[in-house]
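Student: Protein chains in written order, with the working numbering: chain A, 1 to 174; chain B, 1 to 368.
Please note: incorrect hints may appear among the correct ones.
Unchecked claim - Stretch-level coverage of chain B by chain A, calculated; a stretch enters the list once three of its residues show a Cβ under 8 Å from a Cβ in chain A:
| # | segment |
| --- | --- |
| 1 | 111-120 |
| 2 | 142-154 |
Claimed, not checked - Partial list, computed: chain B residues near chain A (C-beta under 7 Å):
| # | residue |
| --- | --- |
| 3 | Leu124 |
| 4 | Ala125 |
| 5 | Ser128 |
| 6 | Val131 |
| 7 | Trp139 |
| 8 | Leu184 |
Read the hints as simulated data drawn from the structure, not as lab findings. All residues carry an ideal CB built from backbone N, CA and C; glycine is no exception.
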Amino acid sequence: MVETILFVLAAAGALAGAVTVVLARNPIYSAVGLLGTLFSVAVLYVVQLAHLVAAVQVIVYAGAVMTLFLFVIMLIGVDKEEKREENLPRQRLWVGAVAGVIILFAAGVAVFGDFAWVPAATGPVDQEATNGTVQAIAEPLFTDWVLAFEATALLLTIAAAGAVVLAMFRRKRN
Amino acid sequence: MSWPEFWIVVLRVVATFALLLLVTLINVWAERKILADMQNRLGPRRAGPWGILQTVADGLKLFFKEAVIPRRVEIGMYLLAPFLAVVPAFLIFMVVPWGRPFTIGGNEVALQGADLNIGLLFILAMSSLAVYAVVLAGWSSGSKYPLLGGVRATAQAISYEAAMGLAMVAVVMFSATQGDGGTLSLSEIVERQAGTWGDIIPALEPVLRFVPRWNLFPQIVAFVIFFTAIVAETNRAPFDLVEAEQEIVGFHTEYSGMRFAMFFLAEYVNIFSMSAIAATLFLGGWNGPTFEGSVPAIVSGILPTVWFLAKTYLLVFLFIWVRATLPRLRYDQLMQLGWKRLIPGALAWLVLSTAVISFRQFGPPWSS
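Here chain A stands alone, though its shape is the one from the complex:
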């Protein structure tokens, strides 16, 4: 009952945000719409008892990434309405057609088919086990997958250092 209400509210929020991203003339409103979508998806994660994923979604995407987006939009000064001409002719038509086919396929599968790729959850959810999601994720991450975890950390550090180096290089040439 509570889950259904939460799902409907969050799903409506996510869709409204997504529509705003596409329709808003002002990029700031698009960014705030995207923020709304990300936050609503976080609520959907909470409904699925994935608390840690929801927290990470809000901290990383809604918090850090979107602040960066807003800053870039504001500082570059794109706070005017965008021009309506398109550089790639008929791109919306193509994207719309592809998206329409995918949505039709998904709807068809959902209505008619037994979708075997993603098996549905079987049996009741063990509240106690899933409620400790931090521990449940941390344990395999720092034991079985510690090498992948460390490699990702290294990769991100290299990316950050690389960005700094590129920025410094350009400034020197000027």
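Assemble the complex: chain A is given as a structure, and chain B must be docked to it using the hints.
Tutor: Just chain B now, with coordinates in the frame of chain A:
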């Protein structure tokens, strides 16, 4: 979920919300009164005894004031921003336990909005959302001064959030050694600070018998960094460039009436909730002597809440004391303190604290 459980959840949230509004009412008055004492003034004394109704009077005044909307504002975001400031401020306090759980009619009632497994991450998430109010308020005002003020305030909040998070990590790692595995739940962190250090270190029992088992003592550096960071996070003096009297460039320059009051409310709610979080992480939350058995059960049931409020108000007083004592920083000094002192300091403390914890747990690295 049965009906009693449902009503308990509703009651918990409403009670937490009401507590927050009540303490904010008192905090504004307390700040003005304490500040007045420190500056040898009288402070508010007309409205009610000792001027205690001053906040109510101010609130009513702001409520009935005309809310001027400048012509060049971006109206949607302009109206939305005050709400974006208030909502995260209230949500942050929802995960802080403000009393010992008690049992009524077979149902356990935790005095806490929600006991989340990810409590600390929730706090970080909400405080990162609070930044949007500042950005959007500054941008949507349609004037270059609020825009500059908003950009500055955001830079400040993001810089000090890093130091705050790192100090939190040190506490979480230490707290993990005090019980069965690590935890991010605030109620669990509080329970791990029960008792005294004398119980843990028997060798020094006579000395440490009266020293409570707070994280403050082993994590004193983290506390100093955390407290400095939360003073900056809440835009309080000496980090209050965002709203200082001589600075024209505050992000809420173009707001008036109730919309301005909402930014104001958010700031005072944040002061209290951040103090409450510091009290929970470092000062043992609601832990304290309850004199079980020698006093009526109702008294020992209420005492934890009293301890919690006492510790939180100690920190709120520290906020006000700092404001009365320290001169305001310049903007470049503010950034230097954040990036060149606090963040490296927090990193160094984290490494040191980790090294000590691993040494105590695993011995020297060359031992097998």
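Student: Each hint: holds or not?
Tutor: Consistency of the hints with the structure:
1. By the rule of at least three residues with a Cβ nearer than 8 Å to a Cβ of chain A, the coverage given for the segment 111-120 of chain B holds, with 3 such residues.
2. As drawn, the segment 142-154 of chain B meets chain A at 3 residues by the rule of a beta-carbon pair under 8 Å; at three or more, the given contact holds.
3. About 6 Å separates the beta-carbon of Leu124 of chain B from the nearest beta-carbon of chain A, less than 7 Å, and the hint is met.
4. For Ala125 of chain B, the interface hint holds, since its Cβ comes within 7 Å of a Cβ in chain A; the closest pair sits about 4 Å apart.
5. Hint status for Ser128 of chain B relative to chain A: holds, with the closest Cβ pair at about 3 Å, below 7 Å.
6. Satisfaction of the interface hint for Val131 of chain B is found here, the shortest Cβ-Cβ separation to chain A being roughly 6 Å, below the 7 Å cut-off.
7. A distance limit of 7 Å between C-beta atoms decides the matter here; for Trp139 of chain B the minimum to chain A is near 6 Å, and the interface restraint holds.
8. This hint holds: Leu184 of chain B has a C-beta 6 Å from the nearest C-beta of chain A, less than the 7 Å allowed.
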